[in-house]
Amino acid sequence: MLYTLLCYNKEDVVWSWSREEDDAVMARLSIVHEKLVKEGKLGPSLRLLPTTAAATLRGPDLVIDGPFAETKEQLLGFYVIDVENLDAALDVARQLSAANPTSVYEVRPIALYVPDARPNAPTQMLKMY
Amino acid sequence: MTDLAWINGALTAARPQAVGALLRYFRDMDRAEEAYQEACLRALKSWPQNGPPRDPTAWLILVGRNAALDGVRKTARDVALPADDTISDLDDVETPLAERLDGSHYRDDVLRLLFICCHPELPATQQVALALRIVSGLSVAQIARAFLVSDAAMEQRITRAKARIARADVPFETPGAVERSERLAAVAAMLYLVFNEGYSAGNDGTRAHLCDEAIRLARLLLRLFQTEPEIMGLTALMMLKQARFAARFDAEGEAIALEDQDRTRWDRKLISEGLALIDKAMRHNRPGPYQVQAAIDATHARAPTAAETDWVGIDGLYLALERMQPSPVITLNRAVAVAKLHGPAAALEMIAPLEPQLSGYFYYFGARGAFLLQLGRSQEAREAFDRAIALANTPVEAAQIRRYLDRLMVEKVS
Numbered sequence: 001m002l003y004t005l006l007c008y009n010k011e012d013v014v015w016s017w018s019r020e021e022d023d024a025v026m027a028r029l030s031i032v033h034e035k036l037v038k039e040g041k042l043g044p045s046l047r048l049l050p051t052t053a054a055a056t057l058r059g060p061d062l063v064i065d066g067p068f069a070e071t072k073e074q075l076l077g078f079y080v081i082d083v084e085n086l087d088a089a090l091d092v093a094r095q096l097s098a099a100n101p102t103s104v105y106e107v108r109p110i111a112l113y114v115p116d117a118r119p120n121a122p123t124q125m126l127k128m129y
Numbered sequence: 001m002t003d004l005a006w007i008n009g010a011l012t013a014a015r016p017q018a019v020g021a022l023l024r025y026f027r028d029m030d031r032a033e034e035a036y037q038e039a040c041l042r043a044l045k046s047w048p049q050n051g052p053p054r055d056p057t058a059w060l061i062l063v064g065r066n067a068a069l070d071g072v073r074k075t076a077r078d079v080a081l082p083a084d085d086t087i088s089d090l091d092d093v094e095t096p097l098a099e100r101l102d103g104s105h106y107r108d109d110v111l112r113l114l115f116i117c118c119h120p121e122l123p124a125t126q127q128v129a130l131a132l133r134i135v136s137g138l139s140v141a142q143i144a145r146a147f148l149v150s151d152a153a154m155e156q157r158i159t160r161a162k163a164r165i166a167r168a169d170v171p172f173e174t175p176g177a178v179e180r181s182e183r184l185a186a187v188a189a190m191l192y193l194v195f196n197e198g199y200s201a202g203n204d205g206t207r208a209h210l211c212d213e214a215i216r217l218a219r220l221l222l223r224l225f226q227t228e229p230e231i232m233g234l235t236a237l238m239m240l241k242q243a244r245f246a247a248r249f250d251a252e253g254e255a256i257a258l259e260d261q262d263r264t265r266w267d268r269k270l271i272s273e274g275l276a277l278i279d280k281a282m283r284h285n286r287p288g289p290y291q292v293q294a295a296i297d298a299t300h301a302r303a304p305t306a307a308e309t310d311w312v313g314i315d316g317l318y319l320a321l322e323r324m325q326p327s328p329v330i331t332l333n334r335a336v337a338v339a340k341l342h343g344p345a346a347a348l349e350m351i352a353p354l355e356p357q358l359s360g361y362f363y364y365f366g367a368r369g370a371f372l373l374q375l376g377r378s379q380e381a382r383e384a385f386d387r388a389i390a391l392a393n394t395p396v397e398a399a400q401i402r403r404y405l406d407r408l409m410v411e412k413v414s
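These protein sequences, in sequence, are chains C and Z. For the first sequence, position 71 (counting from the first letter as 1) is numbered 71 according to this note's numbering, and the numbering increases by one without interruption. For the second sequence, position 275 (counting from the first letter as 1) is numbered 275 according to this note's numbering, and the numbering increases by one without interruption.
Since the hints were derived computationally from the structure, they do not count as laboratory data. Heads up, none of these hints are tricks.
Sample of chain C residues at the chain Z side, in silico, Cβ under 7 Å:
1. D12
2. T52
3. A53
4. G66
5. N85
6. L86
7. A111
Below, computed lysine-lysine pairings styled on DSBU-like, alpha-carbon distance capped at 35 Å:
8. C:K10 to Z:K269
9. Z:K269 to C:K35
10. C:K41 to Z:K269
11. C:K72 to Z:K269
12. C:K10 to Z:K45
13. Z:K162 to C:K10
Between beta-carbon pairs, the in silico distance windows are:
14. C:L6 to Z:P304: 31 to 37 Å
15. C:K127 to Z:N285: 41 to 47 Å
16. Z:G176 to C:H33: 48 to 54 Å
17. Z:A168 to C:G43: 57 to 63 Å
18. C:H33 to Z:D30: 45 to 51 Å
19. Z:D260 to C:V32: 37 to 43 Å
20. C:I31 to Z:R407: 47 to 53 Å
21. Z:T264 to C:T4: 29 to 35 Å
22. Z:A168 to C:S103: 46 to 52 Å
23. C:Y3 to Z:R27: 48 to 54 Å
24. C:G43 to Z:P326: 53 to 59 Å
25. Z:N50 to C:L2: 36 to 42 Å
Positions of the beta carbon are idealized from the N, C-alpha and C atoms, including for glycine.
Based on the sequences and whatever the hints tell you, model everything.
This is the structure in structure tokens:
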């Protein structure tokens with residue numbers, strides 16, 4: 001079974017860490033990462049830039065600065081896209097929104113991207129349902 | 001069990017909002033600060049044992065307010081009861097805290113706190129000192145070190161600033177839209193002052209810390225005011241400049257010019273955040289000076305090597321900046337781009353008319369000397385550098401010019 005683990009924390013605290021503090025946390029995490037890589041369990045992982053860099057697309061035209069703030073909806077999935085800039089990312093979000101009009105898309109730049117480390121990483125769609 | 005470093009981080013992060021809310025209750029800066037400090041002491045006792053509260057800021061506000069009200073009640077046994085409005089609106093006490101701590105309250109509390117610190121009646125040095133003391137919670141000794149003055153002098157500066165604020169009529173009601181945007185502009189200017197205080201300090205760690213502090217406060221402001229392109233621009237500007245910190249000085253602590261910096265030492269994490277923010281700001285089509293300046297630094301950040309810098313883009317951005325804020329200093333900066341595009345002679349011609357206005361400005365003679373040097377006019381270059389060195393404000397600036405003069409000496413000998 002594939003799982004995604006979503007990490008939550010207080011970003012005003014985390015992004016106030018000194019470089020040394022940040023490095024120390026990343027070093028502790030990397031020990032866990034390496035272990036998972038050896039066990040062939042680690043798929044792609046990533047660290048997001050703070051929500052201050054986020055924009056949210058609601059409906060076809062409404063772009064809101066900032067993260068998705070409502071609690072009425074739940075997180076149902078995510079995409080990783082490789083585009084030139086925020087405008088291009090919003091354009092992709094608009095296409096998705098047109099196909100699935102009630103969904104809201106929070107667009108967050110990625111700060112760190114670690115590709116799939118599994119030796120037999122799937123190259124085809126895995127459907128669990 | 002909660003780790004002390006985590007608690008310190010949480011207390012620092014909560015400070016502006018907590019002190020801002022306590023100031024709303026007590027309408028007195030000293031009392032708000034004392035209440036916050038009392039709350040912190042209690043947090044240091046309680047959190048390690050009981051674990052941190054879910055919302056540390058709300059905890060600190062509640063505990064601080066109750067502690068201060070207890071204090072008021074104790075003294076009230078001897079003295080007449082204080083008027084209701086010195087305790088704050090009775091409403092505040094009655095309304096459940098959770099309800100009061102919504103985003104808009106935080107926003108206006110923090111904005112009010114920052115705005116008080118940059119009150120127009122205060123000179124810039126007092127604004128910065130007060131903000132660092134009240135909002136950032138740096139100790140008087142830390143601020144004194146950052147400004148290279150004695151503790152006593154800094155204590156006095158802060159006391160004077162507080163007295164001035166107390167005399168001035170600081171509005172406590174929620175600001176209207178126009179006033180809010182005026183306050184935001186004043187706060188942005190003050191944050192940039194804090195940043196520049198650190199940025200101009202060279203590689204002195206104590207003062208360089210001010211840059212991180214300014215960025216931290218800008219991030220806070222940005223979270224509260226998410227749709228202000230100039231706040232995005234200011235934050236991006238400071239991030240993109242600060243990203244170069246590790247590359248700006250050599251082992252002897254001397255400044256390295258932008259084009260000679262080792263770009264692998266630039267902080268890519270800060271750069272990506274700064275670029276994301278300026279990208280987001282530009283979508284608003286409401287350009288402003290911070291956004292344009294950030295765009296200039298973004299252009300440098302995007303260039304893989306100095307030789308690949310988009311000088312046409314930079315020239316255009318400086319031109320836009322000149323139109324927004326006509327200033328000989330901006331023209332001088334544009335001349336550097338012009339020199340890259342059209343050669344040093346064109347740049348020299350461009351800055352010549354600026355001399356009467358910039359006759360006391362270190363960078364004018366530094367740039368003039370550099371252009372003359374490129375043109376091989378060594379004698380005139382030396383004269384310009386001599387004037388620059390006489391106008392240098394810091395040892396770092398002087399050393400920068402001395403390197404040029406050394407080069408001229410070498411040329412003369414050979």
